[in-house]
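*Asks:* Residue numbers (the working numbering), protein chains in the order written: chain A, 1 to 346; chain B, 1 to 160; chain C, 1 to 504.
These aren't lab readings, by the way, just hints derived from the structure by calculation. Since we're looking at a predicted model, the values are computed, not measured. Honestly, I wouldn't trust all of these hints.
Which bits of chain B does chain C cover? Going by a derived footprint, with three or more residues having C-beta under 8 Å, they are [what the hints assert, rightly or not]:
1) 17-31
2) 38-47
3) 51-62
4) 79-87
5) 100-110
6) 148-157
Think about it this way: if two alpha-carbon atoms lie no more than 25 Å apart in a straight line, the pair counts; the simulated BS3-like pairs of lysine-lysine are [unchecked claim]:
7) A/305 <-> C/353
8) A/244 <-> C/446
9) B/82 <-> C/429
10) C/459 <-> A/195
11) B/36 <-> A/335
12) B/82 <-> A/40
13) A/330 <-> A/309
14) A/157 <-> B/36
15) C/459 <-> A/335
16) B/151 <-> A/188
17) C/446 <-> B/36
18) C/353 <-> A/247
19) C/459 <-> B/36
20) C/137 <-> A/247
21) C/446 <-> A/164
22) B/36 <-> A/334
23) C/137 <-> A/195
24) C/459 <-> A/188
25) A/164 <-> B/36
26) C/446 <-> A/195
27) B/82 <-> C/428
28) B/82 <-> A/195
29) A/101 <-> B/82
30) C/459 <-> A/164
By construction, the Cβ of each residue, glycine as well, lies at the ideal position given by its N, Cα and C atoms.
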Amino acid sequence: MTSKITRCLMPNRTSLFRWLFVGALLTFSGAAQAAWQPTKSITFVVTGGAGGGADQMARLIQGIVSKYRLSKQPIIVVIQNGGGGGQGFLDIKNSPGDPHKIAIVLSNLYSVPLSTNLDFNWRDTTPVALMALDEFVLWVNARSPYKTAQDYIAAVKASPGNFKMGGAGSKREDEIVTAVIEHATGTKFTFIPYKGGGEISTQLIGGHIDSDVNNPIEHIAHWRADEVRPLCVFDTQRMPFKDKVTKTESWNDIPTCRESGIDAQYLMLRGILMPKGVTADQLAYYVNLLREVREKPEWKEFIAKGAYKESFLVGDEFTKFLEEDEARHKEIMKKADFLAQSGSVK
Amino acid sequence: MGVLYRTVDFLVAVLIFFVGLAVMIESYDLGIGWIKDSPGSGYFPFRIGAIISLASIGIAVQALLNNASEARTLFVEWSRFKLVLAVFIPTAAYILGIVFLGIYVSSAVFIAGFMRLAGKFKWLMSIAVSGGTVAILFWLFEFEFLVPLPKGPLEALFGY
Amino acid sequence: MDNILPLLHGFSVVLTSYNVALMFLGILLGIVVGVLPGLGGPNGVAILLPLTFTMEPTSAIVMLSCIYWGALFGGAITSILFNIPGEPSSVATTFDGYPLAQQGRAGEALTASFSGSFLGALVGVLLITFLAPLVAKFALRFGPPEFFAVYLLTFCSFIGMGQESPMKSIVSMMLGFALAVIGMDTMSGQMRLTFGWTGLMQGVDFLIAVIGLFGIGEILVTIEEGLAFKGKSANLNPKVVFQTWARLPKYWATLIRSSLIGCWMGVTPGGATAASFMGYGIAQKFSSRRDRFGTGEIEGVVAPETAAHASGTSALLPMLALGIPGSATAAVLLGGLMIWGLEPGPLLFVEHKDFVWGLIASMYLGNIVGLIIVLSTVPLFAAILRVPFPIIAPIIIILCAIGAYSVHNSVMDVWFMLGFGAVGYLFKKLGFPLAPLVLALVLGDKAEDAFRQTMLASKGDLSIFWSNGLVGTITVLAIVLLFWPAIVSLCRRMRSPKLGQAVP
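Next comes chain A alone, as it looks inside the complex (with noise of 0.2 Å):
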């Protein structure tokens, strides 16, 4: 019977070749299109808490890539926060090779191997895309005196060590901006550390602290709710959105903290790492991914809701700016007296 199949499909030698040939064509035509697949799920490591803001970005993440299949694969958001993020930058590091596990960091990734002695450097990790900046602005109770940073700055410069700063964290980002400040002012604030975003915001309107530095994202509803204000963003520029988020105020109507005389900037990277010796091929895939996720309109809205800053960064252009944002944060936390002091991982 087989034989008799045979005998039809390739009658005599030169069929045979013929076959051998179009084969041959069509395994190496789809090996040139297709590059690297993922062939297993993606692992989607976050190195901040359950509902914090790396968390929240990771899973719009995976849900625009599961909403318009932009992946063959499924993506799974694992948290590993552990000991700042620590736990999480090690996993990454200890997966040499491996193409299926991505990592979200902010700047934990270098405030927290500065400040522990965490045996973990971004170097030993291969970078893949800058997905965004996070804003950082001065906001204090809307009930309170200051309607400008110079009228605050000036009141916390005349009485030093009195108004209480909260920020998330301790040597993170929310004390590095408040260490910023006052290099830049000469003021001193009592900084009081507390758990997450949410918990300072509440704090700040219920009178406990006096301001705080946190993002866009973690006040809207509150300066909607005319409970906080915003004083200055510590940026170069000016947010770009220009829709009304309260009833008279943009986001760009927030004077930048220069502008307002406290010459202070603090961006926050949103970045997306993988691990060490993955092919080019691979990294190419996520870079890809990741860009085609950027062009939807959930990341667009999303963006604009919390003020971000855009910002795409691939390749060398992402190496340069880690390696400038490391330098800046060592400088920083070295004139802060942040680092840890040297030894094993205390």
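Following the hints, position chains B and C against chain A.
*Replies:* Here is chains B and C on its own, set in the frame of chain A:
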């Protein structure tokens, strides 16, 4: 035949004493006094360690001096302790298995092993129940919940 | 009272066949998740969060909150039947629930527990319905000194009543505190008590401790008696249910008290676990039946469960109105809200009426539905007891392992679980009470943070703890509760005629 209650009471107290000591030593470097206006990181841990060690001395002394009838009873008979170990040690092996074989394979072996060795079920039954249970778990966690559990070489063969 | 209209509107939103189906599904899933030790409210909700992406936010939160409910209900089932709490908030239920089951009164215990839960949750929902803005304003008055005072109050309400050796109780509690310290310190950004080992970086989650101490520990203790669970028939026939219901009004004081405690702990983030301990502790201190607590007293089951459910429910209030999650599960729900583009805050109630009132309406319905479902599925769970030990024991252990793993996605946690199992075995047999350890583990870190934040703000001035009415009241209450047993016995002795002379 077994271990006296009193003995275990004493030994555990001694162990706890050293735990307290370790806590004290480890928190010493963090600063056990007040830094500026608030307690340093090591302030409370140090004192907690101290209380642990002190209280455990008290327990140890009580254990030594305790002549109540309860204290002279057995903490556990060897025959019963063997049953405890019969669960404890396989569980430890199971967890070790999770690291190397992944949780699904390990679980299957664990259930089957228990059923066969402890319950004297037939091999066929044991494998059927363990295989079935693990299959349900796999479906539940890998596909429905999308919670990645540790997997090993077997799953890797199938591309997971 | 002007919230009745929006509430009715909310009911109309929820009562679509799609949403009702989701409700049932959510509650069933929740019960399953609650029964499984380790897979609790937070993981359960986090696991199912991605599934809700494709749903409308209202439907999604209805389902997720029903999972939350179901988990709260379900946790009590294994606590009573197996002495293994399915949820940390049902640890306190084991104190009297399990002895009741051992006496063959599991049906009563379960009914009492579920009914108490139902009433507690109802009070919580009523609070949200009618008093939301007031409560939100109240919650805003809590700064670090007030938080510390609340934690102090919780501790003081629970300790001081046990019959165990006081030194062992102290060691237990201190060990709990020590465990709570391990990991990253919020206040200084440093690692503490990690002994240079990265394995301890994530700290010790109280969920792991509970699974190990109570889950694995219980199994190890039980098998000494032979490879079998002590068979307790738990036939929940309607007669038992009605009989127990008839007796419930006797405990009206406990029910009200625990509900209030629960609402308090939910709004001032203390959490359902702390609420259950506090409910139990205060009931023990004030009840006329206090001597029977721990031996199988129905009140000892009603008190913690009512408080835990009231707390779990009212924890949603600060989550919705202020964005502060009052519990771990609320934190995950909060994350979900943000992803769906909804910001918590007073404007949420105004701009997303459908969502908020649909959620609140679903709480009422979910509570009722939950009670019915859980009462009817009890025989099912009781039947698990009849599965031969060699099959059920490894499965329970496996589920515990999965639960432990899923907290931080780390096998290290599973090893810790085993370690806690050994500790649980030793401690249970040596008479070290486990409850203080768990309470200290749950609240220790937060309490210490609150204290240090307070000191930073007040510059080391301790008088801040009675600087305003709120914090002063709570602090005084805490101290009173701590010394309550001593005060009571002192009063008794003063009034007792047996002593002869009257004390001037």
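*Asks:* Below or equal to 25 Å on CA atoms is what counts here, so check residue 82 of chain B against residue 40 of chain A.
*Replies:* violated (43 Å)
*Asks:* Starting from residue 244 of chain A, check that the Cα of residue 446 of chain C is at most 25 Å away, please.
*Replies:* violated (38 Å)
*Asks:* Run the distance test for residue 446 of chain C versus residue 195 of chain A: straight-line Cα separation, threshold 25 Å.
*Replies:* holds (9 Å)
*Asks:* So if I understand the rule, the pair passes when the alpha-carbon distance is 25 Å or less; does residue 101 of chain A with residue 82 of chain B pass?
*Replies:* violated (44 Å)
*Asks:* Please verify whether residue 459 of chain C and residue 36 of chain B have alpha carbons no more than 25 Å apart.
*Replies:* Between residue 459 of chain C and residue 36 of chain B the Cα gap is close to 8 Å, so the pair holds against 25 Å.
*Asks:* For the pair we were handed, residue 459 of chain C and residue 164 of chain A, check the Cα-Cα distance against 25 Å.
*Replies:* holds (11 Å)
*Asks:* Taking beta carbons only, do three or more residues of the stretch 148-157 of chain B come closer than 8 Å to chain C?
*Replies:* holds (count 3)
*Asks:* Residue 82 of chain B and residue 429 of chain C were given as a pair; does the straight-line alpha-carbon distance stay at or below 25 Å?
*Replies:* holds (16 Å)
*Asks:* Is the straight-line distance between the alpha-carbon of residue 459 of chain C and that of residue 188 of chain A 25 Å or less?
*Replies:* holds (14 Å)
*Asks:* Please verify whether residue 330 of chain A and residue 309 of chain A have alpha carbons no more than 25 Å apart.
*Replies:* Cα-Cα ~23 Å, so holds.
*Asks:* Is the hinted pair residue 305 of chain A and residue 353 of chain C satisfied, with a Cα-Cα distance of at most 25 Å?
*Replies:* holds (20 Å)
*Asks:* For the pair supplied as a hint, residue 36 of chain B and residue 335 of chain A, is the alpha-carbon distance within the 25 Å limit?
*Replies:* Holds - the C-alpha atoms of residue 335 of chain A and residue 36 of chain B are around 19 Å apart, at most 25 Å.
In terms of the numbered hints stated before, the structure departs from hints 8, 12, 16, 28 and 29, listed from lowest to highest.
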